[in-house]
Amino acid sequence: MNGGAMHWRRRLMVQLGGLYGLWLREVMRAFRDTGQLIGGVSRPILWVLILGIGLNPYFRGEVYGAVTFVVPFTYLQFIFPAVIALNIMFTSVQSAVSVIWDREFGFLREVLVSPLSRTTVLLAKVLGGTTVALLHGCLVLVLARFADIPITWADLPKALGLMALLAFALTSLGVVIANRIRSFQGFGIFSNAVILPLYFTSSSIFPLDPALSRAQTRVVYPDWLVTLVEWNPLTYAVDALRGALIHYNQFDPLLGIGIIVTACVVLFSVALIDFYRT
Amino acid sequence: MAQPDPAPSADAIHLNAISKRYGRTLALDAVSFNVRDQELFALLGPNGAGKTTLLHILCTILRPDSGTALIDGIDVAKNPLEARQRLGIVFQEPSLDDRLTVRENLELHGLVYGVPRKLRRQRIEEMLALVELSDWASKPVRALSSGMKRRLEIARALIHDSRILLLDEPTVGLDAQTRDRIWAYLRRLRAERDITVLVTTHYIEEVEDCDRVCIIDSGKVLALDTPEALKRAHGQSLVRLTPTAEADLEAITARYQDRLTARKGNELTLVSDDAFITAFLAEFGTRITALKVEVPSLETVFLTLTGRELRDRAAGAREQTLAFGKRGGEHTR
Numbered sequence: 001m002n003g004g005a006m007h008w009r010r011r012l013m014v015q016l017g018g019l020y021g022l023w024l025r026e027v028m029r030a031f032r033d034t035g036q037l038i039g040g041v042s043r044p045i046l047w048v049l050i051l052g053i054g055l056n057p058y059f060r061g062e063v064y065g066a067v068t069f070v071v072p073f074t075y076l077q078f079i080f081p082a083v084i085a086l087n088i089m090f091t092s093v094q095s096a097v098s099v100i101w102d103r104e105f106g107f108l109r110e111v112l113v114s115p116l117s118r119t120t121v122l123l124a125k126v127l128g129g130t131t132v133a134l135l136h137g138c139l140v141l142v143l144a145r146f147a148d149i150p151i152t153w154a155d156l157p158k159a160l161g162l163m164a165l166l167a168f169a170l171t172s173l174g175v176v177i178a179n180r181i182r183s184f185q186g187f188g189i190f191s192n193a194v195i196l197p198l199y200f201t202s203s204s205i206f207p208l209d210p211a212l213s214r215a216q217t218r219v220v221y222p223d224w225l226v227t228l229v230e231w232n233p234l235t236y237a238v239d240a241l242r243g244a245l246i247h248y249n250q251f252d253p254l255l256g257i258g259i260i261v262t263a264c265v266v267l268f269s270v271a272l273i274d275f276y277r278t
Numbered sequence: 279m280a281q282p283d284p285a286p287s288a289d290a291i292h293l294n295a296i297s298k299r300y301g302r303t304l305a306l307d308a309v310s311f312n313v314r315d316q317e318l319f320a321l322l323g324p325n326g327a328g329k330t331t332l333l334h335i336l337c338t339i340l341r342p343d344s345g346t347a348l349i350d351g352i353d354v355a356k357n358p359l360e361a362r363q364r365l366g367i368v369f370q371e372p373s374l375d376d377r378l379t380v381r382e383n384l385e386l387h388g389l390v391y392g393v394p395r396k397l398r399r400q401r402i403e404e405m406l407a408l409v410e411l412s413d414w415a416s417k418p419v420r421a422l423s424s425g426m427k428r429r430l431e432i433a434r435a436l437i438h439d440s441r442i443l444l445l446d447e448p449t450v451g452l453d454a455q456t457r458d459r460i461w462a463y464l465r466r467l468r469a470e471r472d473i474t475v476l477v478t479t480h481y482i483e484e485v486e487d488c489d490r491v492c493i494i495d496s497g498k499v500l501a502l503d504t505p506e507a508l509k510r511a512h513g514q515s516l517v518r519l520t521p522t523a524e525a526d527l528e529a530i531t532a533r534y535q536d537r538l539t540a541r542k543g544n545e546l547t548l549v550s551d552d553a554f555i556t557a558f559l560a561e562f563g564t565r566i567t568a569l570k571v572e573v574p575s576l577e578t579v580f581l582t583l584t585g586r587e588l589r590d591r592a593a594g595a596r597e598q599t600l601a602f603g604k605r606g607g608e609h610t611r
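Line order of the protein sequences matches chains A and B.
Just so we're aligned: the first sequence equals residues 1 to 278 in the working numbering.
Just so we're aligned: the second sequence equals residues 279 to 611 in the working numbering.
Rather than coming from a laboratory, the hints here were simulated on the basis of the structure.
All of these numbers come straight from a predicted model, not from anything done at the bench.
Built from N, CA and C at the ideal position, the CB exists for glycine as well.
There's no promise every hint is true.
[As the list claims (entries may be wrong)] No more than 25 Å apart at the CA atoms, straight line, and that leaves these computed lysine to any residue pairs for SDA-like: (1) B:356 / A:261; (2) B:417 / A:103; (3) B:356 / A:97; (4) B:427 / A:112; (5) B:396 / A:269; (6) B:356 / A:274; (7) B:427 / A:269; (8) B:356 / A:269; (9) B:356 / A:8; (10) B:417 / A:269; (11) B:396 / A:103.
[To be verified] Derived DEER-like restraints, expressed as beta-carbon distance ranges: (12) B:469 / A:183: 45 to 51 Å; (13) A:142 / B:423: 27 to 33 Å; (14) B:552 / A:104: 36 to 42 Å; (15) B:545 / A:117: 44 to 50 Å; (16) B:356 / A:186: 52 to 58 Å.
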């Protein structure tokens, strides 16, 4: 193998082998981080069991005797897909912290001088984060029976596919943030400043009434809130997930998939451009 | 410098007029040299001389502003992935994953460099044995001392078919015993495997056994030859002497003003040669309490070439700038 160009197939095998190695590293690291695992388990329990069950009786619309609107679901069923999205969101964005770790503790160098292209390195990192986030999403799915959600074999692949795409998009988002913010503390603050507002304004914990027209919605809710919810891309992702799990969509389900895929492509491209620039 | 080699592919490393600038500081000023196949080549210079910058250019982390660098005949700027496949690199700062175990780090490296499974397993055991870390294979890297981490990094750089091993200050910050061990590994390695080693250091005593030494300072190559040839060409012998009384010291200082290189307390260091010693002893032989003759060493070679000692220098503004550049030059804090 002295001199001359390597065969393209051999080159591809090197990239794939490296992709597998780095992906495996991300996953192994995540499983050795007990803090992250505890968060991944406690967060859904908190939301589903405490908030969901606690608020469940108030979701019938009969607040103060006046029936405003009724959706054919319990509150627990309604927020369940959103809690999956929340768990994926936290894990994805947090796993991007390892970008900062790698830079700070020198491991990034080892990878940058390896025969792997930067695309492979970044893809491995994002796929690793995606895998871990998907598993954390599945931790929530385990609670489905407590939320009275019957998951059929037909729904499951649909839901898992959407969760994987969502995890990929959000991990890419985390990497984009991590590339711009270079300290651990800054990342923590910023990621929380992104995660929670995105989550709260994604119609995840309260529905925009599907029975009302656009104009009526703006009467019931303040204008700014409706605008925020409609502009938040996560709204459509949560909606698509809801479609898969409880067969309830506020928007066109294809719109949700379209938005998640677009987010995957755009965010990964931005992360890649950043990575080639550094 | 010599003319660039007409057939550069015969050399393991070929550098032609590499320049690199960080802002206004010129870190490398048209550096050219060749490292021959299977050579143990040392790059010697003080902190901030440009050694690390040069290594970073060779391993494609940095791009030179001008000039070409070939690894095994492959241009690092045009074909970085193939050039990197041939390199084993040990950086100055550790670059291990400390949450993984020793063996996992090596496995990961093997996967990343596309080493087939069987060969990977075999190499891992061999290299762990070479750097005497076999007993630590399943311990997390976090548990290792800094000397062990450095050894592990050397092992890691050898898991794939690296033809050229680059080591950036492999012994800095380690105790004398560990330093000796690391050099012993390198020597053993060269006996067992066809490999070219380029090592940077600022410890002069370490480069005595190298095949060739390149002395670099302020981004320029000052000399390049075998240690013996360097000593012959640039070395001076020195005498260190202690005069009996203050008056003697004054007299000697006045008489040999042009030969005086250093004065520490009441010890004088003079440039010496055979004729000088005879003349000196005839004149002042009764007026000194101690006299020590030092034969040419690389230390004196360095002193002659750069006009200063290699060690004991605080980081100046220039070094700080370069260290900043090395870290990536990011204004974050």
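Right, here's what the structure says about each hint:
The hinted pair formed by residue 356 (chain B) and residue 261 (chain A) fails the criterion: a straight-line CA distance of about 34 Å is larger than 25 Å. Under the criterion of a C-alpha separation no larger than 25 Å, the hint pairing residue 417 (chain B) with residue 103 (chain A) is consistent with the structure, at around 23 Å. Proximity of residue 356 (chain B) to residue 97 (chain A) is assessed by CA-CA distance (about 32 Å); at most 25 Å being required, the pair is judged violated. Proposed proximity of residue 427 (chain B) and residue 112 (chain A) is supported: the alpha carbons are some 19 Å apart, at most 25 Å.
Taken as a hint, the residue 396 (chain B) and residue 269 (chain A) pair is broken in the structure, with Cα atoms around 36 Å apart against an allowance of 25 Å. For the hint pairing residue 356 (chain B) with residue 274 (chain A), the CA-to-CA distance comes to about 21 Å; that is within 25 Å, so the pair holds. Only pairs whose Cα atoms come within 25 Å are accepted, and residue 427 (chain B) paired with residue 269 (chain A) is rejected, the gap being roughly 36 Å. A threshold of 25 Å between alpha carbons decides the hint, and for residue 356 (chain B) with residue 269 (chain A) the separation of about 24 Å falls inside it, so the pair holds.
Distance restraint check for residue 356 (chain B) and residue 8 (chain A): the Cα-Cα separation of roughly 17 Å lies within the 25 Å cut-off, and the hinted pair is therefore satisfied. Using a Cα cut-off of 25 Å, the hinted pair residue 417 (chain B) and residue 269 (chain A) is violated, with the two alpha carbons roughly 38 Å apart. Taking the CA atoms of residue 396 (chain B) and residue 103 (chain A), the gap is near 31 Å; set against the 25 Å cutoff, the hint is violated. Take residue 469 (chain B) and residue 183 (chain A): their Cβ atoms lie about 46 Å apart, and the range 45 to 51 Å holds.
At about 43 Å, the CB distance of residue 142 (chain A) to residue 423 (chain B) disagrees with the hint of 27 to 33 Å. Our hint of 36 to 42 Å for residue 552 (chain B) and residue 104 (chain A) is violated, since their Cβ atoms are close to 57 Å apart. A C-beta distance of roughly 59 Å is found between residue 545 (chain B) and residue 117 (chain A), which places it outside the suggested range of 44 to 50 Å. Judged by the Cβ atoms, the range 52 to 58 Å given for residue 356 (chain B) and residue 186 (chain A) is violated: they are separated by roughly 38 Å.
Hints 1, 3, 5, 7, 10, 11, 13, 14, 15, 16, counting from the list given before, are not met by this structure.
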